[in-house]
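Can you make the complete structure from the sequences, with help from the hints?
One-letter residues, chain by chain:
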Amino acid sequence: MATILLIAEQAHGHLKKATLSALTAAQQLAQKGGGQIQAVVIGAGAAQSAQELAAYLPTVHAVEGGGFEHALAETHAAAAVEAAKKVGATDVVLAATAYGKDIAPRIAAKLAAGVASDILAVVSANQFKRAMWAGNAIATVEVTTPVKVVSVRATEFPAAQKSGSPGAVQQLGVTAPAPKTKFIEFNEVKSARPELTEASVVVSGGRGTKGDFKPIEALADVLNAAVGASRAVVDAGWQPNDLQVGQTGKVVAPKLYIAAGISGAIQHLAGMKGSKTIVAINKDAEAPIFQVADYGLVADLFKALPELTEEVKKLK
Amino acid sequence: MKILVTVKRVEDYESKIKVKPDNSWIVTEGVNYRANPFDEIAVEEALRVRDANAPSEVVAVSIGSGAAQAEIRSALAMGADRGILVKHDGFLDSDAVARLLQKVVAKEAPDLVLMGKQAVDVDDNVTGQLLAEYLGWGQATFASKKESLESPEEKAKKPGLRFGADKKTVQVAREVDGGLEVLEVQLPALITVDLRLNVPRYASLPNIMKAKKKPIEELAPAALGVDVSPKVKVVRVEAPPARTAGIKVPDVATLVKKLHEDAKVV
Numbered sequence: 000m001a002t003i004l005l006i007a008e009q010a011h012g013h014l015k016k017a018t019l020s021a022l023t024a025a026q027q028l029a030q031k032g033g034g035q036i037q038a039v040v041i042g043a044g045a046a047q048s049a050q051e052l053a054a055y056l057p058t059v060h061a062v063e064g065g066g067f068e069h070a071l072a073e074t075h076a077a078a079a080v081e082a083a084k085k086v087g088a089t090d091v092v093l094a095a096t097a098y099g100k101d102i103a104p105r106i107a108a109k110l111a112a113g114v115a116s117d118i119l120a121v122v123s124a125n126q127f128k129r130a131m132w133a134g135n136a137i138a139t140v141e142v143t144t145p146v147k148v149v150s151v152r153a154t155e156f157p158a159a160q161k162s163g164s165p166g167a168v169q170q171l172g173v174t175a176p177a178p179k180t181k182f183i184e185f186n187e188v189k190s191a192r193p194e195l196t197e198a199s200v201v202v203s204g205g206r207g208t209k210g211d212f213k214p215i216e217a218l219a220d221v222l223n224a225a226v227g228a229s230r231a232v233v234d235a236g237w238q239p240n241d242l243q244v245g246q247t248g249k250v251v252a253p254k255l256y257i258a259a260g261i262s263g264a265i266q267h268l269a270g271m272k273g274s275k276t277i278v279a280i281n282k283d284a285e286a287p288i289f290q291v292a293d294y295g296l297v298a299d300l301f302k303a304l305p306e307l308t309e310e311v312k313k314l315k
Numbered sequence: 000m001k002i003l004v005t006v007k008r009v010e011d012y013e014s015k016i017k018v019k020p021d022n023s024w025i026v027t028e029g030v031n032y033r034a035n036p037f038d039e040i041a042v043e044e045a046l047r048v049r050d051a052n053a054p055s056e057v058v059a060v061s062i063g064s065g066a067a068q069a070e071i072r073s074a075l076a077m078g079a080d081r082g083i084l085v086k087h088d089g090f091l092d093s094d095a096v097a098r099l100l101q102k103v104v105a106k107e108a109p110d111l112v113l114m115g116k117q118a119v120d121v122d123d124n125v126t127g128q129l130l131a132e133y134l135g136w137g138q139a140t141f142a143s144k145k146e147s148l149e150s151p152e153e154k155a156k157k158p159g160l161r162f163g164a165d166k167k168t169v170q171v172a173r174e175v176d177g178g179l180e181v182l183e184v185q186l187p188a189l190i191t192v193d194l195r196l197n198v199p200r201y202a203s204l205p206n207i208m209k210a211k212k213k214p215i216e217e218l219a220p221a222a223l224g225v226d227v228s229p230k231v232k233v234v235r236v237e238a239p240p241a242r243t244a245g246i247k248v249p250d251v252a253t254l255v256k257k258l259h260e261d262a263k264v265v
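Chains A and B, in that order, give the protein sequences.
Note that numbering that gives the first Met the number 0 gives residue 239 to position 240 of the first sequence, counting from 1, and the numbers run on in steps of one.
Note that numbering that gives the first Met the number 0 gives residue 119 to position 120 of the second sequence, counting from 1, and the numbers run on in steps of one.
Rather than coming from a laboratory, the hints here were simulated on the basis of the structure.
Below, computed lysine to any residue pairings styled on SDA-like, alpha-carbon distance capped at 25 Å: (1) B:K157 x A:F185; (2) A:K181 x A:G44; (3) A:K254 x B:P249; (4) A:K84 x B:P229; (5) B:K256 x A:D283.
What follows is a set of in silico ranges between Cβ atoms, one per label pair, in the way DEER data are often shown: (6) B:E28 x A:H13: 48 to 58 Å; (7) A:A120 x B:A53: 44 to 54 Å; (8) B:S203 x A:H13: 48 to 58 Å; (9) B:S203 x A:Q160: 51 to 61 Å.
Which residues of chain A face chain B? A few of them, derived with a C-beta cut under 8 Å, are: (10) A103; (11) A115; (12) G134; (13) I137; (14) A235; (15) T276; (16) A303; (17) E306.
Owing to the predicted nature of the structure, the values given are computational and were not obtained by experimental measurement.
Where is the CB? At the ideal position from N, CA and C, for every residue including glycine.
The structure is reproduced here in C-alpha cells:
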C-alpha cells in the first residue's frame with residue numbers, strides 16, 4: 000500500500016499553518032491513489048510540534064537533537080529521506096515555502112524521485128497542476144518515477160481538519176550528516192500585523208504611495224490586515240523585501256486584497272490573482288489592475304484610503 | 000577563483016504568453032527571448048566576485064537549442080570570460096538539466112556555481128538544489144543581502160557574497176519567510192540568487208563587440224553520458240481561468256457598501 004509522508008514545517012515548537020494546507024493536498028493524493036498518510040517533523044521543538052500535528056494524523060515522527068537544530072537543507076533533507084525510507088514512502092509531500100523549496104529537490108535527488116513543484120491541484124495519483132510563466136499558463140505535469148516528491152502552494156489548499164482521535168508521536172533516531180553549511184544568524188523582520196501569506200485581508204501599496212505607507216497601514220490596522228507592496232516599492236527601498244507580493248515575492252490568496260496605487264504588472268498579478276475579492280484603487284483609470292479587480296475605484300489613494308478607513312471603523 | 004554561472008534562454012516576461020490550441024505548450028512564434036532575469040543577477044554577482052578576487056574566471060553555461068548562443072553572448076557581453084553550450088533541442092525537465100550541469104561542473108571544477116533561483120518560464124525552483132545534492136555540495140538558496148539596492152555598497156558594485164579570508168567559505172544572506180538568514184557554506188558551493196542581490200549591469204557597446212570574439216564550447220548530452228529522459232513530463236498546458244470582469248464604483252461609500260453587503264468581506 001502506498002504511504003504518503005508529509006514533511007511538516009515548524010519553528011520553536013509551533014507548527015506552520017502551511018503544513019496543514021500541504022496535509023490537505025496529501026489527503027487528496029491519498030484519495031486518488033490510495034494509501035495512508037504519516038508525517039515527520041524535524042528540528043528544535045519537533046516533539047512539541049509533532050504533538051500539535053498528531054491531532055490530525057495517526058502517526059507523526061519527530062526528529063530532534065544534534066545537527067537538526069537549524070533548518071539546513073543538507074541535514075533536514077537527510078532526515079526526511081531517513082523517515083521516507085522507514086515508512087516506505089511512495090510520495091513525499093511538503094509546503095512550497097522557503098523551507099520546502101530549499102529541501103524538496105534534495106529529498107527528490109536522494110530518492111531518485113521526480114519533483115512536482117509548487118502545485119495548485121492534485122489531478123490524479125501522479126498528475127498535478129502547476130503554474131508556469133508567472134501564472135500565464137497552467138500546466139498538468141506527470142511524475143514518472145516510482146517515488147514522487149510534491150511541493151504544495153499552500154494558498155491553493157484549505158487547512159486540514161482535526162481527526163476525531165489524536166495520533167501517536169514517535170521519536171525517530173537519525174544521525175545528522177556533517178553539513179558543509181553552518182548557520183550564522185537570523186535577522187527577523189518583526190511585525191505586529193498578521194503574516195502576509197496567512198492573513199485573510201491584505202492591503203498593498205505600489206508606486207502611487209510615493210513611499211508614504213501611512214494610509215496603507217492605517218487601513219490595514221482597522222481590517223486586521225497584513226501589509227503588502229509591489230516590486231517597485233521594494234526595489235526603491237521604501238518597504239522591506241519580505242512584503243513584496245508577486246511572482247518573485249510572496250504569493251497570497253486572502254479573502255480580501257486591496258491594491259492601492261499599484262498599476263498591476265503581470266509580475267504582481269501572478270502573486271495575488273487567487274484572492275477571493277480584489278479591490279483596486281488607482282488614479283489611472285487605464286491601469287491593468289482594474290482588469291482583475293472585482294471593485295475598482297478611480298481615485299487618489301491619499302484621499303480614498305483615509306475615507307475608507309473611517310467607513311470601515313463605522314462598521315465595527 | 001573559478002565561477003560557473005548559468006544563463007537559460009526564456010520567453011521575455013513582457014511578451015504575451017498564449018497557449019497553443021492543442022494544449023501541448025505555449026505559442027513560441029512571435030515571442031521575444033532573453034536570458035532568465037534571475038540568471039542575469041547571478042552573472043552580475045559572478046562578475047563582482049571575480050573582480051574582487053583576481054585572478055578569477057567566469058564561465059557562462061546554457062543548456063538548450065543553438066539559439067541559446069544568444070543568451071551566452073549576452074553574459075559574455077556583460078563581462079563573462081567564456082561560454083559553454085550543452086546543445087539539446089526540445090524539452091528537458093529540471094532533473095535532466097541538473098544532471099547535465101553536474102557533468103559540466105565535474106569537467107570545469109569551479110569553486111562556486113551561481114544560478115538564478117528559478118527560470119521564469121517553468122518557474123520550477125528546483126534545479127540548483129538538485130545539482131547541489133548530486134554534487135554533494137552545500138547550498139545557499141535565495142541569496143540576497145542586507146544592504147538595499149539603493150545602498151552605497153550596491154552603487155559601488157560590491158559583491159553581496161562575503162568570502163572568508165582563506166577563500167574556503169562564503170557567507171550568504173538568504174531571503175526566507177520572516178527575515179534574512181545568514182549561512183556560511185564551504186567551497187565549492189552552490190548558490191541560487193534572488194531578486195535583491197544586485198542590479199545587473201547593461202552591456203556596453205565595446206563589450207558587446209569584444210564578446211563576439213570570446214569562445215563558446217559546444218557539448219552534447221550524449222557525449223556527457225547523461226540520459227535526459229524526463230522524470231517529470233508536461234502533459235497539458237492550459238490558459239489560466241479568467242477572472243470575471245468586475246465593476247467600477249463611483250466613491251468610497253459605494254465601495255464599502257459593496258464589500259459589506261455583496262462580497263461580505265468587511
